[in-house]
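S.K.: Listed here are the chains, written in short residue letters.
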Amino acid sequence: EDQVTQSPEALRLQEGESSSLNCSYTVSGLRGLFWYRQDPGKGPEFLFTLYSAGEEKEKERLKATLTKKESFLHITAPKPEDSATYLCAVRTGGSYIPTFGRGTSLIVHP
Amino acid sequence: DVKVTQSSRYLVKRTGEKVFLECVQDMDHENMFWYRQDPGLGLRLIYFSYDVKMKEKGDIPEGYSVSREKKERFSLILESASTNQTSMYLCASRGVWKGELFFGEGSRLTVL
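From first to last, the protein sequence lines are chains X and V. Under my numbering, the letters of the first sequence match residues 203 to 312, in that order. Under my numbering, the letters of the second sequence match residues 111 to 222, in that order.
Treat the hints loosely; a few may be bogus.
[As the list claims (entries may be wrong)] SDA-like cross-link-like pairs, simulated, lysine to any residue; straight-line CA separation at most 20 Å: (1) V/Lys208 x X/Gly231; (2) V/Lys208 x X/Glu247; (3) V/Lys208 x V/Asn141; (4) X/Lys259 x V/Gln116; (5) V/Lys208 x X/Thr278; (6) X/Lys259 x V/Val122; (7) X/Lys244 x V/Lys167; (8) V/Lys167 x X/Ile299; (9) V/Lys167 x X/Pro242; (10) V/Lys167 x X/Asp204; (11) X/Lys265 x X/Thr278; (12) X/Lys261 x V/Val122.
Hint data in this document are derived by calculation from the structure and do not stem from the laboratory. In this text the structure is predicted, and so the values were computed from the model without any measurement.
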């Protein structure tokens, strides 16, 4: 059974304090790992797709990396507007259905 | 840009009422999904449709049904709403050759 575990569940940072969110996965035949951002009361918004170990994607203060067992979402010099829940999901070769982690709730204090 | 539109952002219904949640996407996507999201439980898949008139049960289909008569529209139906169906409902779509999902803004349903 595919499993996706995100850690920590919650993270509080001061503005400018860089950190990383983790997404570890146990799947067979990874076809893609996806990061989403979700603001309170809204639907998730797609951020990145990573397909193979060693791949990296960047967008503003966010950088996503992938190894064979986990992905990291690095947040450099975060701002309060980066506060949100970040969700990780994987898709495997044998399924239409993505498997989501439970998310990391990030709060950035000014 | 892909747009997924859910018909109602907030609904309040009474126990036993029939509830319709509508979702429309404008990108000719084959796949559409209905999830519910509850604190501490994450996203849970209710139903999935991989094409028109095709549907598959997700992890928690009990108490729900769906309809996909046209490619752009995927409806979630609660035949007889119950208080434990109070939740945030999220619709998503995906192109068949793509991996990422595009979500609507969500429909927050309260059943009294």
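S.K.: State for each hint whether it applies.
M.R.: Structure-based check of all given hints:
1. V/Lys208 x X/Gly231: holds, 16 Å
2. V/Lys208 x X/Glu247: With Cα atoms ~15 Å apart, lysine 208 of chain V and glutamate 247 of chain X stay inside 20 Å; holds.
3. V/Lys208 x V/Asn141: Judged against 20 Å, a Cα distance of about 10 Å means the pair holds.
4. X/Lys259 x V/Gln116: violated, 30 Å
5. V/Lys208 x X/Thr278: Distance ~29 Å between lysine 208 of chain V and threonine 278 of chain X Cα, so the pair is violated.
6. X/Lys259 x V/Val122: violated, 41 Å
7. X/Lys244 x V/Lys167: violated, 24 Å
8. V/Lys167 x X/Ile299: Given that 20 Å is the threshold and the Cα spacing comes to 11 Å, the pair holds.
9. V/Lys167 x X/Pro242: violated, 27 Å
10. V/Lys167 x X/Asp204: This hinted pair holds, its Cα atoms lying about 18 Å apart.
11. X/Lys265 x X/Thr278: Satisfied, since the Cα-Cα distance of roughly 8 Å is no more than 20 Å.
12. X/Lys261 x V/Val122: With Cα atoms ~38 Å apart, lysine 261 of chain X and valine 122 of chain V exceed 20 Å; violated.
In this structure, the earlier hints numbered 4, 5, 6, 7, 9, 12 are contradicted, and the remaining ones agree with it.
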